[in-house]
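Protein chains in written order, with our numbering: chain A, -8 to 604; chain B, -8 to 604.
None of these hints come from the bench; they were simulated from the model.
Careful: at least some of the hints might be erroneous.
[Stated by the list, open to error] Now the in silico label distances, taken between C-beta atoms and shown as ranges: (1) B:Gly469 x A:His47: 35 to 43 Å; (2) B:Glu280 x A:Gly157: 52 to 60 Å; (3) A:His47 x B:Pro576: 28 to 36 Å; (4) B:His443 x A:Glu0: 40 to 48 Å; (5) A:Gln218 x B:Glu45: 33 to 41 Å; (6) B:Gly212 x A:Glu293: 18 to 26 Å; (7) B:Glu261 x A:Glu464: 30 to 38 Å; (8) B:Pro273 x A:Gly179: 50 to 58 Å.
[Stated by the list, open to error] For the chain B half of the interface with chain A, some residues (derived, Cβ under 7 Å), not all of them: (9) Lys17; (10) Asn48; (11) Gln124; (12) Glu321; (13) Arg374; (14) Arg467; (15) Gly469; (16) Ser574.
Being a predicted model, the structure only gives us computed values, none of them experimental.
A virtual CB, placed ideally from N, CA and C, is assigned to each residue, including glycine.
Protein chains: 2
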Amino acid sequence: MDGPELWRELGQQLRVDSIRAAAVTKSGHPTSSMSAADLMAVLLAKYLRYDFDEPHNPANDHLIFSKGHASPLLYSIYKAAGAITDEELLTFREFGSRLQGHPTPAIPWVDVATGSLGQGLPFSVGIGLAGKQLDRIPYRIWCLCGDSEMAEGSMWEAFEHAAFYGLDNLVAIIDVNKFGQRGETMHGWDLDSYANRARAFGWHAIEIDGHDVEAIDEAYGEAAAQQGQPTVIVAHTLKGKGVKEVEDKPNWHGKALDHPEEAIAELGGERNILVEVAKPEPAEPHRFEVSGGGLPVWELGEEVATRRAYGDALAALGSTRGDVVALDGEVSNSTYAEIFRDAHPDRYFEMYIAEQQMVAAAIGMQTRGWKPFASSFGAFLSRAYDFVRMGAISDADLKLCGSHVGVSIGPDGPSQMALEDIASLRAVLGSVVLYPSDPNQTVALLDAMRQHRGVSYLRTTREKTPVLYGPDEEFRIGGSRTLRSDSADEVTLVGAGITLHECLSAADELAGKGISARVIDLYSVKPVDAGALIAAARETGAIVTVEDHWAEGGIGDVTATVLAEAGVSVALERLAVTERPGSGPPQALLAAAGIDAAHIVAAVGALREAVRV
Amino acid sequence: MDGPELWRELGQQLRVDSIRAAAVTKSGHPTSSMSAADLMAVLLAKYLRYDFDEPHNPANDHLIFSKGHASPLLYSIYKAAGAITDEELLTFREFGSRLQGHPTPAIPWVDVATGSLGQGLPFSVGIGLAGKQLDRIPYRIWCLCGDSEMAEGSMWEAFEHAAFYGLDNLVAIIDVNKFGQRGETMHGWDLDSYANRARAFGWHAIEIDGHDVEAIDEAYGEAAAQQGQPTVIVAHTLKGKGVKEVEDKPNWHGKALDHPEEAIAELGGERNILVEVAKPEPAEPHRFEVSGGGLPVWELGEEVATRRAYGDALAALGSTRGDVVALDGEVSNSTYAEIFRDAHPDRYFEMYIAEQQMVAAAIGMQTRGWKPFASSFGAFLSRAYDFVRMGAISDADLKLCGSHVGVSIGPDGPSQMALEDIASLRAVLGSVVLYPSDPNQTVALLDAMRQHRGVSYLRTTREKTPVLYGPDEEFRIGGSRTLRSDSADEVTLVGAGITLHECLSAADELAGKGISARVIDLYSVKPVDAGALIAAARETGAIVTVEDHWAEGGIGDVTATVLAEAGVSVALERLAVTERPGSGPPQALLAAAGIDAAHIVAAVGALREAVRV
């Protein structure tokens, strides 16, 4: 059996297995799987190039389920390919099974976690960019999309970028089964509406009947032959196709069938077709030659913005490591990613004002082993928060840099000020949050980020600040630095970034009043150096934290939590931004927010007064 | 002087004033203002219907600067309209001035804060929906967009929704000056690329020379006559138009001119044209008749999911308050917003899978005094985080509901589990975060949200839980409820939502072991009832917090911070989700995450052991 007959039978098998999988825990999305079964059958049997024994084969195609809820279909494909047993298929959604409700890279053939809709295609664009410009291997990315998720703007960021970068290695397949979760989509079966949008965005678009295996075959052939532009196949399908009880019926989204046995019979019963999936031609990924050289250093006495140090250090890392790549969201002259761009133009990706696509592209690239650093204003990374969240579920090696944080950016005003970035990015699984105050420290922390695997975030400052540390000082993820320390210390000032400099000024002023203040640079906000905070609390009896961030979820909360968990009771004052800032000179805004040296000095005075009372 | 001559002169005045404003602090975006000056001159002089003396006149048009960085132009318009003095114009970006770097509603004629690009058009869609379906007043929304921000997916969510809802009251004006911040846009001056995309999305598109005032006039006339679909005017412009030093030159984004005096001379010098802006025809907003009726109640002994209570309560609020409206992101059968939809179909807005547009639409509607409640899975609200952030800068009255939170959703797996929502939404200026555990409490808190002005968030649970509270019990923002309390209490268990029920089970089990446990329902996570926590800590000496959320920024951190600030030292254990969850039955996942009753009991044992040592 081969050709159309095989494809049709395989499509039925994928349907049957999707129904069987969902029947186990009576949950999942069989009907959303059934609509795309024929599309995937032809792909698996004829077009996909994939070595299931070697999921890390660099030449493998990539199969991304942007409609991650069709996981029963994906897992049924794995069974048909011989990658998993029928027994394992029937662990779908059970506790402890890697066959979760939505796909995650806990499964070796899954590149990225999906299930938050509108993400798989942007991830695919990242893999497509890697294939074209980094790996330089002609693997294809096949991305199965739902029609309902076409309402997500992130899909159109992906359409825009894929066309702009000429990703003819990318094929999007839209399963137009007409139904979302709660009813019809905006466009129903109006295939033109999708195809015309895609064409306007610069894609090649093909409209087909998604249950006509010959038409599917022809469309894939046409897509594979396409040069210079990505292809979208817009397929008219029936949700629940093949089973009368559910076929093209509303209210069957995300539900197991009531009568799976009857449905399986209606589909012609169980099958056990094993597809010999074609393996890719062997290929080795391109490696970038590097020139070597050292990391940048700055001398004490200089004034340098940490954002500038980010650019210099990233460019230098790029010169010693060929796997480092950079992306930026159309602000590279502010984040200083432009220094990397100029040094390594073939490893730099301009993602324009599309932060979701930027982060998604980075997540896509890291699936292929590249080390992507993605930068924008810290405030605008909030646009990609769901992508960062999903990146953590993917166990992605994602390095982010947010510049222009806090009120200290000055005249641009609150829309440009990241004041929630520490809180939101701390609340990401396994994340690292770093906040340097000095250029040499920025270099050290950036290199630590490079070596760290996981989601990490570097918070940089717009304004120039004095160099505090020599180039040989060591800084590590989870560390802190005590800058002033004396046995006579009566209070500890905890800051990072711009506020560390305010803490130092305050300590000077306090010294003039005869008050000895310890100063801690809490540059690693997560993980935090609890030991240093606890020791300082015990030894000085009073702590003032200062941060250019809202009061929630930042340095003050971290410090308080460390102390409370350790059962250390001290006088504590948390200085942070608590009111809506406006525009003005940086120093005026720091003062207005109550986080400058003068307010630190006043807080110390008030704390001492309170303790005395 | 009138007609084209006036428009040209006014355009030059707006350029001159933009340059003058930016010269004050030598910062701002004069060149981005100069490209759109002619477009705005014709609008102000002929098409805008606005009573600057009565910014709250319901019949006023709305002028939204999606390219918020062109604020010098907006403020120059206010001067030309006589709304502000020249003296005030020259406070631009100074500390304390309401004329901030980017527009905010600190200025009475600004509806929404912009400056995070890609937001003004989605907000405009919200106002457009309000005009059509709520206010039912023929005001127009004129939205000035930058070409660079067209890369944001949120713009295409707006294009999609505006066309779908037939918003012929919306006119988008794209100022195609070809340059972004750091260089050329993807499409340069290819006006067709924008117009074709817009047409594919169902808009009427007009391409013009944005410096030809007659062409601008004609385009506005055509847009104003358009029926049944929105119009976009795609205008070819020159950044820095009119001043040789900067006209069509790169690297002049966000910079004051080096030689403002010469530039002003080149533009023909200062002018003081005062435009008599046409006032709108008086109109009163539509008011929805309401049927009245009470809020829903549930009896002790019932089992009801709080998400279900949200739907019932919202529908009931809609029956007593005509200003309550609801939006949902294509999951209304999961969030139960569908109950409102069925009860009040003309005040319900299906926003499909476009969370950014959903939140933006809510922000747009509240500018007109409506009370929008927007719901989705809590996890997917993370998609709109930047919009919530900007909503807070707008001082928006924005009510959010996130369902399906935490590992307790069960088989769908981590992509669908909100585990960062408390942390991220606490870190929003002035926000309220509520997390009910019971349907009657949900009703009370939802009504409190309705009465509260600001950004508020209700976290609801997927699973059914037993009714704990009678319908007459009172709950308030900032409150808590102590469910078990005894002078013999040796430990306090703090939970909310699903974990409160685990706390109660644990307390029962502990009682069986002779350990008396206090139980606090911390349903208001922000603001928090610090007094109850401090008293419980002092009286019981030990606290265990339990939450279905990451360990960062949630109930545990809030409790720790309260205790640390109060200087209360107790044995503290924070139970939270710390590892990547999978799929499985809710109770198995609660156990695996270490946040079920058994783990609470064990934690209490360990705490007592530690204290004893």
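Each hint, compared with the structure:
1. B:Gly469 x A:His47: 35 to 43 Å: At roughly 53 Å between Cβ atoms, His47 of chain A and Gly469 of chain B fall outside 35 to 43 Å, so the hint is violated.
2. B:Glu280 x A:Gly157: 52 to 60 Å: 57 Å, holds
3. A:His47 x B:Pro576: 28 to 36 Å: Check passed, 33 Å falls within 28 to 36 Å.
4. B:His443 x A:Glu0: 40 to 48 Å: 60 Å Cβ-Cβ, so the 40 to 48 Å window is violated.
5. A:Gln218 x B:Glu45: 33 to 41 Å: 60 Å, violated
6. B:Gly212 x A:Glu293: 18 to 26 Å: Violated, at about 59 Å.
7. B:Glu261 x A:Glu464: 30 to 38 Å: With Cβ atoms ~55 Å apart, the hint is violated.
8. B:Pro273 x A:Gly179: 50 to 58 Å: 41 Å, violated
9. Lys17: Cβ of Lys17 of chain B sits 9 Å from chain A, so the hint is violated.
10. Asn48: 26 Å, violated
11. Gln124: The hint is violated - Gln124 of chain B has no Cβ within 7 Å of chain A, the shortest such distance being about 17 Å.
12. Glu321: Glu321 of chain B check passes; min Cβ-Cβ to chain A is 5 Å, inside 7 Å.
13. Arg374: Since the shortest Cβ distance to chain A is 4 Å, the answer is holds.
14. Arg467: Hint violated; Arg467 of chain B Cβ to chain A Cβ min 20 Å, cut 7 Å.
15. Gly469: 15 Å, violated
16. Ser574: Constraint on Ser574 of chain B satisfied, holds at 4 Å.
In the structure shown, a violation is registered for the earlier hints numbered 1, 4, 5, 6, 7, 8, 9, 10, 11, 14, 15, in ascending order.
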